[in-house]
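Participant: Chains as they are written, first to last, in numbering that gives the first Met the number 0: chain A, 0 to 405; chain B, 0 to 405.
Note that the list lumps identical chains together, so a pair holds whenever it fits in one copy or between two copies.
Each computed DSS-like pair below joins lysine-lysine, with the alpha-carbon atoms no more than 30 Å apart:
no.: 1; residue 1: Lys84; residue 2: Lys26
no.: 2; residue 1: Lys393; residue 2: Lys26
no.: 3; residue 1: Lys84; residue 2: Lys221
no.: 4; residue 1: Lys57; residue 2: Lys84
no.: 5; residue 1: Lys26; residue 2: Lys57
If you are wondering where the hints come from, they were derived from the structure by calculation, not from laboratory data.
Number of protein chains: 2
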Amino acid sequence: MTFELPLWNPARRAARMNPSILREILKVTDRPGILSMAGGLPSPDTFPVEAMRAACDKVLRETPREALQYAASEGFMPLREWVAKHLRGQGMTVDADQVLITTGSQQGLDLVAKVLVDAGAPVAVEAPTYLGALQAFAPMEPIFASIPSDADGPLPEAVAALPHDAPGTRFMYVLPNFQNPSGRVMPEARREALIAAAKQARVPLVEDNPYGDLWYDTPPPKTLASRWPEGVIYLGSFSKVLAPGLRLGYVVAPRELFPKLLQAKQAADLHTPGFNQRVVYEVIRDGFLDQHVPTIRDRYRAQRDAMREALTQHLPPGSVWQAPSGGMFCWVRLPEGCDAVALLPKAVDEGVAFVPGAAFYAHAPDPRTVRLSFVTLTPDQIHTAVAIFGMVLKRHLTEDQPEPTP
Amino acid sequence: MTFELPLWNPARRAARMNPSILREILKVTDRPGILSMAGGLPSPDTFPVEAMRAACDKVLRETPREALQYAASEGFMPLREWVAKHLRGQGMTVDADQVLITTGSQQGLDLVAKVLVDAGAPVAVEAPTYLGALQAFAPMEPIFASIPSDADGPLPEAVAALPHDAPGTRFMYVLPNFQNPSGRVMPEARREALIAAAKQARVPLVEDNPYGDLWYDTPPPKTLASRWPEGVIYLGSFSKVLAPGLRLGYVVAPRELFPKLLQAKQAADLHTPGFNQRVVYEVIRDGFLDQHVPTIRDRYRAQRDAMREALTQHLPPGSVWQAPSGGMFCWVRLPEGCDAVALLPKAVDEGVAFVPGAAFYAHAPDPRTVRLSFVTLTPDQIHTAVAIFGMVLKRHLTEDQPEPTP
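Please take these sequences and the hints and turn them into a complete structure.
Facilitator: Written out as structure tokens, the structure reads:
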């Protein structure tokens, strides 16, 4: 007996799910000996292993039954209160009952898309933007609107022109601090202009802030959420200041949206592991991050500085880049005629990896861009990696261009 | 300046997200002093706290950097291998590369719906069925087809009649072992008949098996997946045999579906906490569950027996129920004229809680049904709780029916 029809019929949205280029690259570059500037992997030297061990022990001694049982979908209340207080300290207006604990801030993106995105509705994103956000939103089948950006962030006039009429631009996704991938921080004036433009267009914002604490020169301006509480969903994470393997993030939502986000959370995984929430709360409750985060800043600042020096030294003329003042990434535009995707295998052959910038665009990728992470390698390794990268790039330019620009 | 239009525009699917009745009831019944037969909360006495503590310590001593770093979306390979071997031991044909580790098996339901369900496509469910599955599927906007069931499970003739033509019944969701909420186990003959009917209709199956290890009389027949590997997605969980607060489950998928489920997983939360995966692997790797699960069975068997005795003693005539041979729940049909939703507040007033069965139907709820969990309370508490439940029920029958049936 043969059948004409397939047994399994994937949903239409499945066609919009694709392997993460980034994660595929990470697999290749996981090989021993590869100097990887590809992944945004925090340095494991920053993981507070001793504090974690003490906290695990304490939680399993004092509240094992609560920590290992099913728990509230909203999250562990003391942790929600900590988050609210922490954000109030940064000028935001937040109560604990607006804080939803998520399984990493990636889950926040998934929940936001589920609650706000209908198939065919526009969602505005920066160009370039965080690849994981594009992947989280895509299954809900939005039409992406790419907002052109300059060195200060998305252009307010493009935001002001976003449509509000049905089906309505459901939100604009924006990463104001040390953006992944571009590294740029949005200055005070651009934040104000962006908010004004978003209000004018009646387009609410989803503000993603995983890197805000990782500033190396001066702290970034106040969050967008602090300027427009009713118009911004705010996403935060413990991945960069503690450890990503715990998968702990949070969403702060305007009150009118919180119940639907909570229901989406219940349906998605019932709740984020209560054990992890209690362990992290034990680690941070008495001000641990006040001492810990500055040590991360010092480490990454030195690595950022090493990358700045190395890029200055090794990149060929025609390369455009700016050292970021925070975060994890340096964004480089290669000389004319370069294709970063074609460059990658050549770099990997020489033992160096990076991410072609094309991965970070919803439309019209710029093939000349690359994202270099400076948080995983030591300063010495960064010097070596960038030297090799520069060497491969120069060779690539010579090979591919019969008459190379000097 | 006033605006006519709302700032936030929820997606159409948000209208299908509702507060979990179950979780709302759990909040009420969390009050101290309430004897709750409502939640399916495993007894905390079964949580292997000492083994967990030793495992946390070992993981944080030996592999802290790996356990706390970003990790593969597929899951921790040794844990995937353990799952595959464990399932092969139960007669299934599974390789580790078909095992996707999920953030609880609830997430498996979310991923399956994302990959397979288009708005308006039919999804078949049992009547009654697991509420959390209805909630996980609903955001993808299926049309539910409720399959009538008898004491052996869903009726094969109803399954055989499911439509395969476009948009196609995307799958039938089925819980063969000690179903939540009904407690029934599907016998061998019904499994074979169900598979035959599903093959005839070309409707694949999603088999959810959180309770399979919790048998108290005889082990259940072989899984559906072992009978039709290419036509069944299988979901498993560590919540009932270790602890739910770790949020660890898994999906076993036919090879053609695995890549899309993996991509949906990446987009949903990048990966399940690697720390939790490594800790659980440490706990179970050397056969811990072979000793541990029988102790859970002994405990719950005694509680099941207590509930059987108490129900026999305290339920009024006209009540219909059968003690389950495994799992966590006893399903009771109350005498004619009873409305379990109306009964609940009266029971709570007397210090006892349960879940009205109406919550577990996609269509046409039976208002006379209730679900009673026997895993959270001790045998003595079960006797007390059921005695109060019986007393409230008898009073309810007298109050609401001027001429009560004797």
